[in-house]
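Let the sequences and hints guide you as you build the complete structure.
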Amino acid sequence: MEYLWAFITGGIICVIGQLLLDGTKLTAPRILVIFVVSGVVLQALHLYEPLVDLAGNGATVPLPGFGYNLAKGAMEGAKKGFLEAVTGPITSTAAGVGIAITFGYIVSLIFTPKSPKR
Amino acid sequence: MVLQISEERNKEKEKQKKEIGKAYGKYAKQFTPRPKYFSNCVKAFISGGLICMAALAVQNRLEAMGLSQKDAGSFVTIGLIMIAQLLTGLGVFDVIAKYAGAGVIVPITGFANSMVAPAIEYKKEGPVLGVGSKLFTVAGPVLVCGISAATAVGIIYWFIEKF
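Those protein sequences? They're chains B and Y, same order as listed.
Take any residue in the first sequence, note its place counting from 1, add 5, and you have its number in my numbering.
Take any residue in the second sequence, note its place counting from 1, add 66, and you have its number in my numbering.
Hints should not be assumed to be uniformly reliable.
As the list claims (entries may be wrong) - To be clear about the criterion: a stretch of chain B counts as covered by chain Y if any three or more of its residues have a C-beta under 8 angstroms from a C-beta of chain Y, and this derived list gives those stretches: (1) 18-28; (2) 54-67; (3) 91-103.
Unchecked claim - Distance windows between CB atoms, simulated: (4) Y:Lys-79 - B:Ala-99: 31 to 37 angstroms; (5) Y:Ala-123 - B:Lys-84: 19 to 25 angstroms; (6) B:Leu-24 - Y:Ser-199: 30 to 36 angstroms; (7) Y:Leu-156 - B:Glu-7: 28 to 34 angstroms; (8) Y:Tyr-90 - B:Lys-85: 58 to 64 angstroms; (9) Y:Ile-112 - B:Lys-84: 36 to 42 angstroms; (10) B:Leu-24 - Y:Ala-123: 25 to 31 angstroms.
If you are wondering where the hints come from, they were derived from the structure by calculation, not from laboratory data.
Ideal Cβ placement from N, Cα and C applies to all residues, glycine included.
Next up, the structure:
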């Protein structure tokens, strides 16, 4: 059951992205920004947490989940004090961002550009 | 008087230009292929759902090994990012993205891909100003907007907590 909800939730979020890609003139980077910011806003209004409880990784793996993690860190930090509120967002996503930068840098240095096969 | 006439002429010219633009837009629309909304959505749904389901399976396995939910989540994210970046480096990600569309762009894999793809392209400009800066052509805006929004949320919540 858990897996079904993860599949459905993740799928629906991706379909929204596909509709934005096909139906509007928004470019991919803008769509990524929209997804992350909407995740932050939804979590700030306590609307994303129920979805995470229901679908688990189905809600945290898509990009709104990244925004959710940022906002969650900020909100948990805000209970402790000002500094924790400011450091919270980056702290809670540090693992992903750190690896993305380091590993991405290594990969980019190792591999040479390939023209996509058409 | 003369000024008025020239103004009117300008307006007319602009109008004509706009009409030509519109006509061209219509003309061009005939030849641009219409996106296949339904089949694209089905592909995105299935591929996105599968990625999330696989992530959940790994998460459950890690939790069964004794990791906390938060740590397991971090490891899953790290794993997805590394796989996506490696596939991008090998040139496989583009092939997958061609079929899956938003199904692999919306999950965190798309974020990882968006860092490596431009960085590889600009490799010739050197390891610092080429790869180093181009890593953030897409990730930069995402991180800037996301972190700014989250920090604002944190400060607002701190205010609410305080007063």
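Against the structure, the hints come out as follows:
By the rule of at least three residues with a Cβ nearer than 8 angstroms to a Cβ of chain Y, the coverage given for the region 18-28 of chain B holds, with 11 such residues. With 7 residues having a Cβ less than 8 angstroms from any Cβ of chain Y, the region 54-67 of chain B passes the three-residue criterion, so the hint holds. Requiring three or more residues with a Cβ within less than 8 angstroms of a Cβ of chain Y, the coverage given for the region 91-103 of chain B holds, as 7 such residues are present. Taken as a hint, the range 31 to 37 angstroms is violated for the pair Lys-79 (chain Y) and Ala-99 (chain B), whose Cβ atoms sit roughly 58 angstroms apart.
Checking the proposed 19 to 25 angstroms range against Ala-123 (chain Y) and Lys-84 (chain B) shows it is violated: the Cβ atoms sit about 33 angstroms from each other. For the hinted restraint 30 to 36 angstroms between Leu-24 (chain B) and Ser-199 (chain Y), the CB-CB distance of approximately 32 angstroms keeps it satisfied. At roughly 32 angstroms, the beta carbons of Leu-156 (chain Y) and Glu-7 (chain B) sit within the given window of 28 to 34 angstroms. For Tyr-90 (chain Y) and Lys-85 (chain B), the Cβ-Cβ distance of about 59 angstroms falls inside the hinted range of 58 to 64 angstroms, so the restraint holds.
A hinted range of 36 to 42 angstroms for the beta carbons of Ile-112 (chain Y) and Lys-84 (chain B) is consistent with their spacing of about 40 angstroms. Our hint of 25 to 31 angstroms for Leu-24 (chain B) and Ala-123 (chain Y) holds, since their Cβ atoms are close to 27 angstroms apart.
Of the numbered hints given earlier, the model fails hints 4, 5; all others are met.
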